[in-house]
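Residue numbers (this note's numbering), protein chains in the order written: chain F, 9 to 318; chain D, 9 to 318.
Errors might be hidden in some of the hints.
Same chains, same names: a pair is fine if it fits in one copy or spans any two.
Under the rule of at most 20 Å between Cα atoms (straight-line distance), these lysine to aspartate or glutamate pairs were calculated in the EDC-like manner [claimed, not checked]:
1. Lys228 with Glu187
2. Lys284 with Glu257
3. Lys99 with Glu35
4. Lys99 with Glu89
5. Lys169 with Asp76
6. Lys284 with Asp217
These aren't lab readings, by the way, just hints derived from the structure by calculation.
2 protein chains.
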Amino acid sequence: MAPLIYPRMAVIGCGLIGSSVIRAAREAGVVGEVAVADASPLARERITALSFADQVTADPAEAVANADLVVFAVPVMAMGEAARQATAAFKPGATVTDVGSVKAAVAEALAEAVPETLFVIPGHPIAGTEQSGPDAGFAELFQNRWIILTPQPRQDAPYRKAVERLTQFWTALGSNVDEMDERHHDLVLAVTSHLPHLIAYNIVGTAADLEEVTQAEVMKYSAGGFRDFTRIAASDPTMWRDVFLANREAVLEILGRFTEDLQALSRAIRWGEGDKLFELFSRTREIRRDIISAGQESAEPNFGRDRGKH
Amino acid sequence: MAPLIYPRMAVIGCGLIGSSVIRAAREAGVVGEVAVADASPLARERITALSFADQVTADPAEAVANADLVVFAVPVMAMGEAARQATAAFKPGATVTDVGSVKAAVAEALAEAVPETLFVIPGHPIAGTEQSGPDAGFAELFQNRWIILTPQPRQDAPYRKAVERLTQFWTALGSNVDEMDERHHDLVLAVTSHLPHLIAYNIVGTAADLEEVTQAEVMKYSAGGFRDFTRIAASDPTMWRDVFLANREAVLEILGRFTEDLQALSRAIRWGEGDKLFELFSRTREIRRDIISAGQESAEPNFGRDRGKH
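Extracted from the complex, chain F is given alone in its bound form (with noise of 0.2 Å):
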């Protein structure tokens, strides 16, 4: 058990990634009190019945009230106003974070909305999976997953002990702790997030629009890699809205690189270039065995794997 590391945290959104931030910060003994503050009705009634939280509203600023650690779970394009609603109710001195998937348009809400006497130190959980709801968090959700911090450009002792505190908090919950330049990480989870689940819903989307293949035989031979994206492609519509809308800019230019690819890859099948097919095929099997051999396989992921909710 981990010492106490914030006697009060608020959490501001709880679906899948607030609700398991309490049950692991609960389960790892580093926080005291737990405020939650979310804006349905639905979800606070759930919120309540599970009773992981000591204080359950609708206000975000009687969550943030005291509180040591304020972590915005909502959608990104909502961090903003979130905020806003609970700026004079903030704690000097507290650290405020969030587990939004886009980081650059969010630092920016976030660090408008707060006062300056705060640490403003965006994060994301690489860490998920395709259920939403205060019911479908669990508390190992982020055992061996990377966490990404993009603290702001400012290296005074008090910002930087903020961020180890932090850092501290999440190595509690599990997970392994990074820090970037918040475009950076943006264009990298274009990358590795946000343009599979585009392509996911994409693909998923235009099966469904066939007039000659009917959708009960899509579902019924989807086991041949079309499965997995159905997966995908059930992740929050929300969520993932926002995730587009906010990262517009390297979605766009790592899509513009996808599609661009997509079409030499259509002309080599057109025109019977059977060569370059294998060439790109076998490269991407090697990189697969590069994933395996850097034991990145043995971290078990979450996302993937279904747990039955539905």
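We have chain F already, so just place chain D on it with the hints.
Relative to chain F, chain D alone:
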């Protein structure tokens, strides 16, 4: 234990699928003797070491001699040549099938190479992993999976009887058997399997070519969706090159629709049309729910589960 269905089975090409057919058929007790032909000396060495075959040879003609069932399990563009090598040796009245992921091209190649006294019944088990080679096979691969047979358009009693017998064989291996028109099969699989593979290969290639993001970063933060793509993109390069060459028309047709939809999505992101994104993402989430409620998920797909062979 099912009764013996084919006294002698020949498997031509003994990779993941070929070796799984042998293991599963042996376990079910539906075959007597098993002969294997494989062009690779290394594969033959492994097959001999694994000792699941009564005869191991480089020559398809030797393997098919006296065989009641011949299963071609080489890459789809190699089916015709493998069958031609065996032409003179087939036992009259034997059943010739295959396990290729493309059916129209293979059906034509087999029909041309195999004497008319035989029953050619092309087939495709919707099962696999990203592994390959004789060691990658396992007896349970076909359990609760669909096998699509694309019989020739002939209704004579002996042919239908041969189809029935092959259906019994696959059923004994734990599979569900469907019959389908070969062109329709190729279109359905272009959606549910070929396009997903093409996209996975493509995105892993795009990621590898980025200058701003290192390979190490991509691997490290691959949990957010990308990891699923790397697994799919690790599938056998020769097999998949052949799939795209042999099913060119259907793949290009579906790829065209996919690209069109992706352009629309890209435009919606560029212009900040959140409603359009939300509408699609909600629709695809419903599709996943339909799949789960249709009980497809309980089949526990083998594809997508690492078996830790590499």
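To see whether the hints hold, each was checked on the structure:
Only between protomers do Lys228 and Glu187 lie at most 20 Å apart by alpha-carbon distance; the minimum there is 13 Å, versus 44 Å within a single protomer. For the homomeric pair Lys284 and Glu257, the shortest alpha-carbon distance between copies (18 Å) is at most 20 Å, but the shortest distance inside one copy (30 Å) is not. Taking the closest pair of Cα atoms, Lys99 and Glu35 never come within 20 Å of each other, the shortest separation being 25 Å inside a single copy and 68 Å across copies. Only within a single protomer do Lys99 and Glu89 lie at most 20 Å apart by alpha-carbon distance; the minimum there is 18 Å, versus 76 Å between protomers.
Proximity of Lys169 and Asp76 under a CA criterion of 20 Å is satisfied intra-copy only: 14 Å inside one chain copy versus 76 Å between copies. Only between protomers do Lys284 and Asp217 lie at most 20 Å apart by alpha-carbon distance; the minimum there is 15 Å, versus 31 Å within a single protomer.
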